[in-house]
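> Going line by line, the protein sequences match chains A and B. The opening residue of the first sequence carries number 1 in our numbering; numbering runs sequentially from there. The opening residue of the second sequence carries number 1 in our numbering; numbering runs sequentially from there.
Keep in mind the hints are simulated off the structure, nothing from the lab. All figures in this text were calculated on a predicted structure; none of them were measured in a lab. Built from N, CA and C at the ideal position, the CB exists for glycine as well. Heads up, a few of these hints could be off.
With a straight-line Cα cutoff of 25 Å, these simulated SDA-like cross-link-like pairs (lysine to any residue) come out [unchecked claim]:
1) Lys-175(A) <-> Ala-297(A)
2) Lys-75(A) <-> Trp-183(B)
3) Lys-158(A) <-> Gln-214(A)
4) Lys-158(A) <-> Gln-184(B)
Stretches of chain A that chain B covers, calculated by requiring three or more beta carbons in the stretch to come under 8 Å of a beta carbon on chain B [what the hints assert, rightly or not]:
5) 78-84
6) 321-327
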Amino acid sequence: MSIHVSNIRKSFGAFTALGGIDLNVPAGKLVALLGPSGSGKTTLLRIIAGLDEPDIGSGRIAFHGEDVTRVPAGKRKVGFVFQHYALFRHMTVFENIAFGLNVRPRRDRPPASDIADRVHRLLKLVQLEGLDARFPSQLSGGQRQRVALARALAVEPKVLLLDEPFGALDAKVRKELRRWLRRFHEEIHLTTLFVTHDQEEALEIADEVVIMNQAKIEQVGTPQEVYDRPATPFVYQFLGNVNVLRASALAPAVTPGAPALMRDGQIYVRPHDIAISRHVPGAGAAGFFAEVRAIHAAGPQARLSLEHMPGRERIEVELSRSELVGLDLKLHEQVSLRLRRTHAFSDDYAI
Amino acid sequence: MSLLRKEHSVLPGFGLSLGFTLAYLGLIVLVPLSAAFLKTAGMSWAEFVAAVASPRVMAAYRLSFFASLAAASVNAFFGLIVAWVLVRYAFPGKRILDALVDLPFALPTAVAGIALTAIYAKNGWLGQWLEPHGVKIAFTEIGVFVALTFIGLPFVVRTLQPVLEELQPELEEAAASLGANRWQTISRVLLPELFPALLTGFALSFARALGEYGSVVFISGNMPMRTEIVPLLIITKLEQYDYRGATAIAVVMLTASFGLLLLINLIQKWSRRHHRV
Chain A
1 MSIHVSNIRK
11 SFGAFTALGG
21 IDLNVPAGKL
31 VALLGPSGSG
41 KTTLLRIIAG
51 LDEPDIGSGR
61 IAFHGEDVTR
71 VPAGKRKVGF
81 VFQHYALFRH
91 MTVFENIAFG
101 LNVRPRRDRP
111 PASDIADRVH
121 RLLKLVQLEG
131 LDARFPSQLS
141 GGQRQRVALA
151 RALAVEPKVL
161 LLDEPFGALD
171 AKVRKELRRW
181 LRRFHEEIHL
191 TTLFVTHDQE
201 EALEIADEVV
211 IMNQAKIEQV
221 GTPQEVYDRP
231 ATPFVYQFLG
241 NVNVLRASAL
251 APAVTPGAPA
261 LMRDGQIYVR
271 PHDIAISRHV
281 PGAGAAGFFA
291 EVRAIHAAGP
301 QARLSLEHMP
311 GRERIEVELS
321 RSELVGLDLK
331 LHEQVSLRLR
341 RTHAFSDDYA
351 I
Chain B
1 MSLLRKEHSV
11 LPGFGLSLGF
21 TLAYLGLIVL
31 VPLSAAFLKT
41 AGMSWAEFVA
51 AVASPRVMAA
61 YRLSFFASLA
71 AASVNAFFGL
81 IVAWVLVRYA
91 FPGKRILDAL
101 VDLPFALPTA
111 VAGIALTAIY
121 AKNGWLGQWL
131 EPHGVKIAFT
141 EIGVFVALTF
151 IGLPFVVRTL
161 QPVLEELQPE
171 LEEAAASLGA
181 NRWQTISRVL
191 LPELFPALLT
201 GFALSFARAL
211 GEYGSVVFIS
221 GNMPMRTEIV
231 PLLIITKLEQ
241 YDYRGATAIA
251 VVMLTASFGL
261 LLLINLIQKW
271 SRRHHRV
């Protein structure tokens, strides 16, 4: 079931949390709402779930064309998963998952044996078979989050909403669980919207990424689109490491791209889009020069910190470790840099 | 395995602080209480039975326990509502209302007793409206219950408040998004979460009511077999220089109260067994 959000506004006193949001989540997709804290992403998710109300007189929320703006949370058929699980700690895993079915009025409630069947099917789906009699306090963080997911799915929601689902987990479990979520999504194909502030997470598992900043949507697109063709300087900076260089500080020859850059605009370049070579005196200006200030060789990629002399600008470069070994660089050595791929934005954008 | 198996801790002074705790509790609590037991031990079994099981004393036990139980139950219910309102809503005068809750703690109990009697007596503010309808409060069992309710309220409110403040709003939201209505959310999600604290408040209120003397003696009228509470009988025996009779009743009360509080503690421990998250 698709989700349509049109012109939703929300303010808390003088603070604007959402300033007229329009968004389409196509049916069956896994979509990430990505943004820094305070960008309004969680507020938007909560409004879609019906846990918060949009400002009076602002737009509407529709599921599959049906207006649900005034429908209470419990009747929207959404599954909501909280960052800190919000499991009922006095209930077993089984009772937690069955909760949404057990609170139905008697005429809509499935018989106890059907509920038990469904709970066991869900436990199998989230790979927690045999843990039905445990209490939440006896489970690890990753297991608790999967119980929360099973509990949300038990009521057969038409949309699944996850608020920073992996935010409270440690780095390794988070990686495992997000890949699991992706495979899980491919099995059940439920329209899913999840909030995250982790760009790596969003880019890795989402079909589509919605980038929010300061109560607005900055860009919507597939992970590759938003990464390769960021619409705004904010998106560019948020999605990865970036060097911001003043165009005038660089020689014209080194900046492939629009001539507009020749004004005193700013050039955005990713650390891995800079080619580095040893400086050969008298070999002509194939690039521009910088001095090696620090070499960080730990990790899968090596990182160099360089200083570009005329403006004393810092430049970060990433290269493979074998490349680094091949170059055999020393500290304070002059090297030649070439920008493989740059980005510029017209001056209308302020960061 | 030693009973006092010591684990290494960054905090120093386990031995010292445990020693202090035991000495302090001994001095403040155990010595006076054991004096009551020792005094009673001087009685023969027949004397003891005669002192603690006479019809007048039995009537007082009944009144003390049932009135305290009723007062603590009513406090548990209304205290929960008061605590809920004070934690969940913002309204003008909230600070004042919050301070009012502590007044039964601070007020000398005799003052409370006299005030309650004045209000509920035949010519009092409330009494003059209630008496014509056949509702007598002052100088009846109901009066005892009213006084015990008054002095017990702060215990429930003050034990519940911090727990309510800590309660995650996500629990209610999760229940709501799963389709539970307000009543189901309260009865299946919130009350089980609050139950241990509610039980503590109930136990404190109950214990306080059992021992209460000052506020009750004015409003009860102290009619033998009808509105005498156990602490009053103890005072009466003391006034008659029957020290052993007084301590004998005290011993029965102490044993019964200790047993009840222990039971409540066990229930509480059991109800908190999954609250480690």
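> Each of the hints needs a verdict: does it hold here or not?
Hint by hint, here is what the structure shows:
Straight-line distance between C-alpha atoms of Lys-175(A) and Ala-297(A) comes to about 24 Å, which keeps the hinted pair within the 25 Å bound. The suggested pairing of Lys-75(A) with Trp-183(B) holds, with an alpha-carbon distance near 16 Å, which does not exceed 25 Å. The hinted pair formed by Lys-158(A) and Gln-214(A) fails the criterion: a straight-line CA distance of about 29 Å is larger than 25 Å. Annotation: proposed proximity of Lys-158(A) to Gln-184(B) holds, straight-line Cα distance about 23 Å (limit 25 Å).
Counting residues of the segment 78-84 of chain A whose CB lies closer than 8 Å to any CB of chain B gives 5, so the stated coverage by that chain holds, three being the minimum. Here the segment 321-327 of chain A counts 0 residues with a CB under 8 Å from a CB of chain B, which misses the bar of 3, and the coverage is violated.
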